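Visitor: Each chain is listed here by its residues.
There are 2 protein chains.
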Amino acid sequence: MIRTVIVGFGNIGACVLEALLESPDFNLIGIVETNKELIKVKTDVSIQDDISKFNDVHVAILCTPSRIIPELAESILSKGINTVDAYDIHSKIFDLKDKLDKISKNNKAAAIIAAGWDPGTDSVVRSLMEIMTLQGITYTDFGPGMSMGHSVAAKAIKGVKDALSITVPLGTGIHRRIVYVELADNADFTKVSQSIKKDDYFANDETHVIQVPNVNVLMDKGHAVNISRKGVSGKTHNQIINFSMSINNPALTAQILVSCARAVVKQAPGCYTMIEIPLIDMIHGDKESIIRRLV
Amino acid sequence: MIRTVIVGFGNIGACVLEALLESPDFNLIGIVETNKELIKVKTDVSIQDDISKFNDVHVAILCTPSRIIPELAESILSKGINTVDAYDIHSKIFDLKDKLDKISKNNKAAAIIAAGWDPGTDSVVRSLMEIMTLQGITYTDFGPGMSMGHSVAAKAIKGVKDALSITVPLGTGIHRRIVYVELADNADFTKVSQSIKKDDYFANDETHVIQVPNVNVLMDKGHAVNISRKGVSGKTHNQIINFSMSINNPALTAQILVSCARAVVKQAPGCYTMIEIPLIDMIHGDKESIIRRLV
Chain A
-14 MIRTVIVGFG
-4 NIGACVLEAL
6 LESPDFNLIG
16 IVETNKELIK
26 VKTDVSIQDD
36 ISKFNDVHVA
46 ILCTPSRIIP
56 ELAESILSKG
66 INTVDAYDIH
76 SKIFDLKDKL
86 DKISKNNKAA
96 AIIAAGWDPG
106 TDSVVRSLME
116 IMTLQGITYT
126 DFGPGMSMGH
136 SVAAKAIKGV
146 KDALSITVPL
156 GTGIHRRIVY
166 VELADNADFT
176 KVSQSIKKDD
186 YFANDETHVI
196 QVPNVNVLMD
206 KGHAVNISRK
216 GVSGKTHNQI
226 INFSMSINNP
236 ALTAQILVSC
246 ARAVVKQAPG
256 CYTMIEIPLI
266 DMIHGDKESI
276 IRRLV
Chain B
-14 MIRTVIVGFG
-4 NIGACVLEAL
6 LESPDFNLIG
16 IVETNKELIK
26 VKTDVSIQDD
36 ISKFNDVHVA
46 ILCTPSRIIP
56 ELAESILSKG
66 INTVDAYDIH
76 SKIFDLKDKL
86 DKISKNNKAA
96 AIIAAGWDPG
106 TDSVVRSLME
116 IMTLQGITYT
126 DFGPGMSMGH
136 SVAAKAIKGV
146 KDALSITVPL
156 GTGIHRRIVY
166 VELADNADFT
176 KVSQSIKKDD
186 YFANDETHVI
196 QVPNVNVLMD
206 KGHAVNISRK
216 GVSGKTHNQI
226 INFSMSINNP
236 ALTAQILVSC
246 ARAVVKQAPG
256 CYTMIEIPLI
266 DMIHGDKESI
276 IRRLV
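Chains as they are written, first to last, in our numbering: chain A, -14 to 280; chain B, -14 to 280.
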């Protein structure tokens, strides 16, 4: 049994709790959450404000916002506890790996970072497509679905009480943003709309801003992606490969985190992304039955 | 540079030659083929009847029929040379792994077996789908495209001069077989049709036999697959995941074999299937640039 602690008990943390309870090989020891207001799910599991309150932890599943992951992972790995996270700032993943790799090795622990769906399982799919076709172009088209980052950016604009930004795929990696806004008292819609469209998050995409009386009734945690590649195997062109999914976003992220928590305890000390780990390590069961079922 | 030999120079071997010439990190040392009649492609590469005629070989890519792979892989691994193959008899893969694992370890070599598209990259996709959804059903629907095994089985029926069996996907893992036959002189079509439908290869599927004057003009090496799963992440049902491709069959198999040849030289002694190997090992380039591009 893998003795596991959930660190951060928001949206993703609550789904990780569900996924752990469904997995026969995990023993959920406790939850770490300092902000009691975030806890919206009832549970009998012990909730503490520091991971040191729990003994003999094999894996910490980090479910905090990405921006605090680097420091948090470092502090937990320093205690010799393995970590898994869904760090999603693509441009900084390699630097994080580089930093955590040294800390992991010094403390005989392992970390799997960027273990959500993008980065994460989508990265595995993009890698597989390059293994099948040496040349070609891969497009990742997101949506339709809610973008957390863009919604937060819109909410930060002056005059916005609440906001929801939907990502709409236009194909070949081009996206439209539809931003539903609930205005603060006395705010001017034209000004708000202009401010959103000028914001760095939206300036490069086709962006539409729509005023609504209530953003909350539009909320849906579903998302989707289509990854497509047309490429060349050897000298043979026009090899067509497609991957698509339509999923509940936090539930999928949580399940992938749990699968990677299963894998991290089997790795040599160091820090890894999902494409550096044999997939079989992420699946429950003995090697023989997995190979007989899936290969 | 990975010093590589192609063993078996039929359909797949010729495509592996093309894929190796397109790959910047391989040095093609030679080809092993005992049956000169099989060689239909012109090449300057040295063709010998025994792998021992080549020096300092890092990898042998085995492109022979599956039934002779077990013995061939054993003999080459025994010389301390790494092997890669696309062995495709699903029910015997684990047993082959078990056997070659011991031989590989005794000779400090590594083998990657079942490294085509099914088994192979499809196995990776099925594994990834289970990593994303713990419960659910995965369907693999093949085609439309030519089945080598079924075509050979139909050709072996008395009265058949030439045959082509097309696999047609009916969804949820159910397939139709359409068998195009060119009759031998004086053969009776009704008898031939009945014999094909009674054959073990066809008895369990909806099978149609069609007489044609010339099978050869129908030949096309394209194939397709759709892998779909509807499953559960944690406690969240109805997660929908799809993978599909439309590809030139031998060209894709060859490219995957070459990608795995790149990986096999990086493995500890032993025998592996593709789901036991980090995908990053199969991709050309340094780790940092791969992670920055694909994760």
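Just so you know, these hints were derived from the structure itself, not from any lab. Model, not experiment: these values are computed from the prediction. Be aware that one or more of the hints could be misleading.
Repeated chains share a single entry, so a pair holds when one copy, or any two copies, can fit it.
Straight-line distance between alpha carbons at most 20 angstroms, and here's what the computed EDC-like set of lysine to aspartate or glutamate pairs gives [claimed, not checked]:
(1) K251 / E261
(2) K220 / D205
(3) K215 / D185
(4) K215 / D107
(5) K84 / D190
(6) K64 / D126
(7) K90 / E273
(8) K272 / D205
(9) K220 / D10
(10) K84 / D10
(11) K272 / E261
(12) K143 / D185
(13) K90 / E3
(14) K220 / D170
(15) K77 / E273
(16) K215 / D170
Visitor: It remains to establish, for every hint, whether it holds in the given structure.
Guide: To see whether the hints hold, each was checked on the structure:
Taking the closest pair of Cα atoms, K251 and E261 come within 20 angstroms of each other both inside a single copy (13 angstroms) and across two copies (12 angstroms). Only between protomers do K220 and D205 lie at most 20 angstroms apart by alpha-carbon distance; the minimum there is 17 angstroms, versus 45 angstroms within a single protomer. Taking the shortest Cα distances, K215 and D185 never come within 20 angstroms of each other, neither inside one copy (31 angstroms) nor across copies (37 angstroms). For the identical chains of this complex, K215 and D107 are neighbours both inside a copy (16 angstroms) and across copies (17 angstroms), given an alpha-carbon limit of 20 angstroms.
Taking the shortest alpha-carbon separations for K84 and D190, neither the intra-copy value of 33 angstroms nor the inter-copy value of 56 angstroms comes in at or below 20 angstroms. Taking the shortest Cα distances, K64 and D126 never come within 20 angstroms of each other, neither inside one copy (39 angstroms) nor across copies (48 angstroms). Taking the closest pair of Cα atoms, K90 and E273 come within 20 angstroms of each other only across two copies (18 angstroms); inside a single copy the shortest separation is 30 angstroms, beyond that limit. For the identical chains of this complex, K272 and D205 are neighbours neither inside a copy (38 angstroms) nor across copies (37 angstroms), given an alpha-carbon limit of 20 angstroms.
For the homomeric pair K220 and D10, the shortest alpha-carbon distance between copies (16 angstroms) is at most 20 angstroms, but the shortest distance inside one copy (46 angstroms) is not. In this homomeric assembly, K84 and D10 never come within 20 angstroms of each other (Cα to Cα): the closest approach is 30 angstroms inside a single copy and 29 angstroms across copies. For a Cα distance limit of 20 angstroms, the shortest separation of K272 from E261 qualifies both inside one copy, at 18 angstroms, and across copies, at 9 angstroms. With identical chains, the CA atoms of K143 and D185 are at most 20 angstroms apart within one copy only, with a shortest distance of 15 angstroms there and 72 angstroms across copies.
Neither within a single protomer nor between protomers do K90 and E3 lie at most 20 angstroms apart by alpha-carbon distance, with minima of 31 angstroms and 41 angstroms respectively. Taking the shortest Cα distances, K220 and D170 never come within 20 angstroms of each other, neither inside one copy (63 angstroms) nor across copies (40 angstroms). Taking the shortest alpha-carbon separations for K77 and E273, only the inter-copy value of 12 angstroms comes in at or below 20 angstroms, while the best intra-copy value is 37 angstroms. Taking the closest pair of Cα atoms, K215 and D170 never come within 20 angstroms of each other, the shortest separation being 50 angstroms inside a single copy and 45 angstroms across copies.
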